[in-house]
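Trainee: Order-wise, the sequence lines are chains A and B. Read left to right, the first sequence gives residues 1 to 111 (the working numbering). Read left to right, the second sequence gives residues 1 to 115 (the working numbering).
It should be emphasised that the hints constitute simulated quantities derived from the structure, not laboratory data. Glycine included, each C-beta is placed from N, C-alpha and C at the ideal position. Treat each hint with caution, since some may be false.
[To be verified] Computed beta-carbon distance windows for the label pairs:
no. : chain 1 : residue 1 : chain 2 : residue 2 : range
1   : A       : 82        : B       : 59        : 17 to 27 angstroms
2   : B       : 80        : A       : 52        : 44 to 54 angstroms
3   : A       : 42        : B       : 80        : 36 to 46 angstroms
4   : B       : 95        : A       : 5         : 23 to 33 angstroms
5   : A       : 15        : B       : 111       : 37 to 47 angstroms
6   : A       : 111       : B       : 79        : 47 to 57 angstroms
7   : A       : 81        : B       : 9         : 40 to 50 angstroms
8   : A       : 46        : B       : 111       : 14 to 24 angstroms
9   : B       : 95        : A       : 80        : 24 to 34 angstroms
10  : A       : 68        : B       : 10        : 41 to 51 angstroms
11  : A       : 16        : B       : 69        : 43 to 53 angstroms
[Unchecked claim] Per the computed footprint, the stretches of chain A lying under chain B, defined by three or more beta-carbons under 8 angstroms from a beta-carbon of chain B, are:
no. : segment
12  : 26-35
13  : 43-55
14  : 99-111
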Amino acid sequence: QKEVEQNSGPLSVPEGAIASLNCTYSDRGSQSFFWYRQYSGKSPELIMFIYSNGDKEDGRFTAQLNKASQYVSLLIRDSQPSDSATYLCAVRRTGANNLFFGTGTRLTVIP
Amino acid sequence: KAGVTQTPRYLIKTRGQQVTLSCSPISGHRSVSWYQQTPGQGLQFLFEYFSETQRNKGNFPGRFSGRQFSNSRSEMNVSTLELGDSALYLCASSITRDTTANEQFFGPGTRLTVL
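Bound conformation, chain A alone (with noise of 0.2 angstroms):
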């Protein structure tokens, strides 16, 4: 079993659209979750990050996180054109600072 699963898509939206990314993972033991948006040929860029069970907002997005179920999701409200990426889910377990990645959701945005 893969330390992070996401489902590699594509998905694709129209523009104005709520985008629902999702990501489960393994370890009962991860403390943090973060959401990284990467464009082609480009680095990971952070978007937000989570660690206490529910929901958080930061503008168009919101992170939900359910450590009962092992289950992370992004929502990306008003979709754009320009959120036209590949989304990363990380995990971080306790007492340690590496991330362990998911393999990516792309994601398109029709204008």
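Given the coordinates of chain A, assemble chain B onto it according to the supplied hints.
Mentor: Structure of chain B alone, referenced to chain A:
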């Protein structure tokens, strides 16, 4: 504040050679982690340095090594290059290493091609 910088940005080497990559973290950041990104394996952790000491290591052969200097700058070295080492090598810095909300910020990466 300047971001993470990595040099060189692109490298072409041949099998059997060795290579050294450099990373300068964000000012004030003391932890540097290295990752390898390939289309087949995705992003994989190589190692982490904090206060000039390797704190954690991923599942990579001994050909991959690194170090950190007193100013937190870090280098990684790959010896006896193989074709499969072709990848984007990413450096990430964070302020420290033992806090729950410890964000890691990535540099632009070094694209290594082994011929």
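Trainee: If a hint holds in the structure, say so; if it doesn't, say that too.
Mentor: Taking the hints in turn, this is what the structure says about them:
Separation of residue 82/A from residue 59/B is about 36 angstroms and departs from the stated range, judged on CB atoms against 17 to 27 angstroms. In this structure, residue 80/B and residue 52/A meet the distance hint of 44 to 54 angstroms, their C-beta atoms being roughly 46 angstroms apart. A hinted range of 36 to 46 angstroms is violated for the C-beta pair residue 42/A and residue 80/B, which are about 30 angstroms apart. Our hint of 23 to 33 angstroms for residue 95/B and residue 5/A holds, since their Cβ atoms are close to 29 angstroms apart.
Our hint of 37 to 47 angstroms for residue 15/A and residue 111/B is violated, since their Cβ atoms are close to 32 angstroms apart. Separated by about 48 angstroms at the C-beta atoms, residue 111/A and residue 79/B satisfy the suggested range of 47 to 57 angstroms. Remark: the range hint 40 to 50 angstroms for residue 81/A to residue 9/B is contradicted by a beta-carbon distance near 27 angstroms. Under the hint 14 to 24 angstroms, the C-beta atoms of residue 46/A and residue 111/B, about 21 angstroms apart, fit the expected range.
With their beta carbons about 31 angstroms apart, residue 95/B and residue 80/A fall inside the hinted range of 24 to 34 angstroms. Between residue 68/A and residue 10/B the beta carbons are some 45 angstroms apart, a value that agrees with the proposed interval 41 to 51 angstroms. At about 49 angstroms, the CB distance of residue 16/A to residue 69/B agrees with the hint of 43 to 53 angstroms. With 3 residues bearing a CB less than 8 angstroms from a CB of chain B, the segment 26-35 of chain A meets the requirement of three and the coverage assertion stands.
Closer than 8 angstroms: that is the beta-carbon criterion, and the segment 43-55 of chain A has 6 residues meeting it against chain B, so the requirement of 3 holds. Coverage of the segment 99-111 of chain A by chain B holds. Counting CB-CB distances below 8 angstroms, 6 residues qualify, and the rule asks for three or more.
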